[in-house]
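Model the full structure from these sequences, guided by the hints.
Single-letter residue listing:
2 protein chains.
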Amino acid sequence: MTISMSSASLPVFKAMLGNLSHILDKGQAHAEAKKFDPVVLLQYRLAPDMLPFTRQILIACDGPKNGMARISGVEAPKFDDTEATIPELKARIQKTLDYLDSLPADKVDGTEDKEITFPVGRDKTRTMKAEAYLKHWVLPNFYFHITTAYAILRHNGVELGKADYLAGARASA
Amino acid sequence: MTISMSSASLPVFKAMLGNLSHILDKGQAHAEAKKFDPVVLLQYRLAPDMLPFTRQILIACDGPKNGMARISGVEAPKFDDTEATIPELKARIQKTLDYLDSLPADKVDGTEDKEITFPVGRDKTRTMKAEAYLKHWVLPNFYFHITTAYAILRHNGVELGKADYLAGARASA
Numbered sequence: 004m005t006i007s008m009s010s011a012s013l014p015v016f017k018a019m020l021g022n023l024s025h026i027l028d029k030g031q032a033h034a035e036a037k038k039f040d041p042v043v044l045l046q047y048r049l050a051p052d053m054l055p056f057t058r059q060i061l062i063a064c065d066g067p068k069n070g071m072a073r074i075s076g077v078e079a080p081k082f083d084d085t086e087a088t089i090p091e092l093k094a095r096i097q098k099t100l101d102y103l104d105s106l107p108a109d110k111v112d113g114t115e116d117k118e119i120t121f122p123v124g125r126d127k128t129r130t131m132k133a134e135a136y137l138k139h140w141v142l143p144n145f146y147f148h149i150t151t152a153y154a155i156l157r158h159n160g161v162e163l164g165k166a167d168y169l170a171g172a173r174a175s176a
Numbered sequence: 004m005t006i007s008m009s010s011a012s013l014p015v016f017k018a019m020l021g022n023l024s025h026i027l028d029k030g031q032a033h034a035e036a037k038k039f040d041p042v043v044l045l046q047y048r049l050a051p052d053m054l055p056f057t058r059q060i061l062i063a064c065d066g067p068k069n070g071m072a073r074i075s076g077v078e079a080p081k082f083d084d085t086e087a088t089i090p091e092l093k094a095r096i097q098k099t100l101d102y103l104d105s106l107p108a109d110k111v112d113g114t115e116d117k118e119i120t121f122p123v124g125r126d127k128t129r130t131m132k133a134e135a136y137l138k139h140w141v142l143p144n145f146y147f148h149i150t151t152a153y154a155i156l157r158h159n160g161v162e163l164g165k166a167d168y169l170a171g172a173r174a175s176a
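Residue numbers (my numbering), protein chains in the order written: chain A, 4 to 176; chain B, 4 to 176.
Among these hints, one or two may not hold up.
The list treats identical chains as one, so a pair stands whether inside a single copy or across any two.
As a list, the in silico DSS-like pairs of lysine-lysine whose alpha-carbon atoms are at most 30 Å apart [unchecked claim]:
#1 Lys127 with Lys29
#2 Lys37 with Lys110
#3 Lys17 with Lys81
#4 Lys29 with Lys98
#5 Lys98 with Lys110
#6 Lys17 with Lys117
#7 Lys17 with Lys29
#8 Lys127 with Lys17
Hints are computed from structural coordinates only; laboratory data are not their basis. Please read all numbers here as calculations on a predicted model, not as lab measurements.
Right, dumping it as structure tokens:
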């Protein structure tokens, strides 16, 4: 098989969102074992002016959802950002996966040179071709927020290893 | 243009390694401004059993270097892992960029189904096809170590933003 816009995007987002859901399970289990409220983890930040854990998860979901909607032209659902527990964050990940699963590869393939205009910050936009947008915007942002979520849990004592990040539940299967 | 194994890998590694070098400059400048030894940052870990900053940088370099060597079949230089200062880490990044710059795209293109066997942990190997190896192993590991390095600096008060991570020195150019 030849690499394509769909093969370079959809399986990556799906695998890593599955791993993120597994990492959330480990955070929940850690909080229960240590008898503290998991919401403490959700509000944790690595620096006072970094986003808290919950926002890392929401952005890790919205990045591929909105990015693939722009690339494919298939409208994505909008969510209310009301998640306040780990099970609710896992449901958000699942809804994101449901959208990605609904995308036909042929809506994504061949889009390399499609001009994508997307919001940057509060009141600016930027335009990139879809291949560059995927490689230099959506994917690096996606990995940034997943790794930051991992780092927050790791910094708080949750027993996670690279295998959880790379393979999630499949690592121990 | 159609996405290819070379276009999905080389420009991504080069852009992000450039951004990483820029992030290191900001760490160095922060230490100098605050009058502490930058080596403190190099030894910092987000958790006692996570790797320190220096190792995050070395792995962020070796991942694409060794990964692309396996994919392309073009032998990569070996380095001694003796870096002990930020300028030395920046030189390591530059040597990695020099190797990546030396790779002809046609050694990378068309390798999607090539079987790649690579070391996992101390005494195991794993085999994946090159496209899967790039997407599900080399790239997620690469982003993991760059983001963790960013998080270590951010946690230690270095003034970094997403623009530094996504665009490096180009963000302020």
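Query raised in the report: Which numbered hints are broken by the structure, listed smallest first?
Result: Per hint list: single violation, 2.
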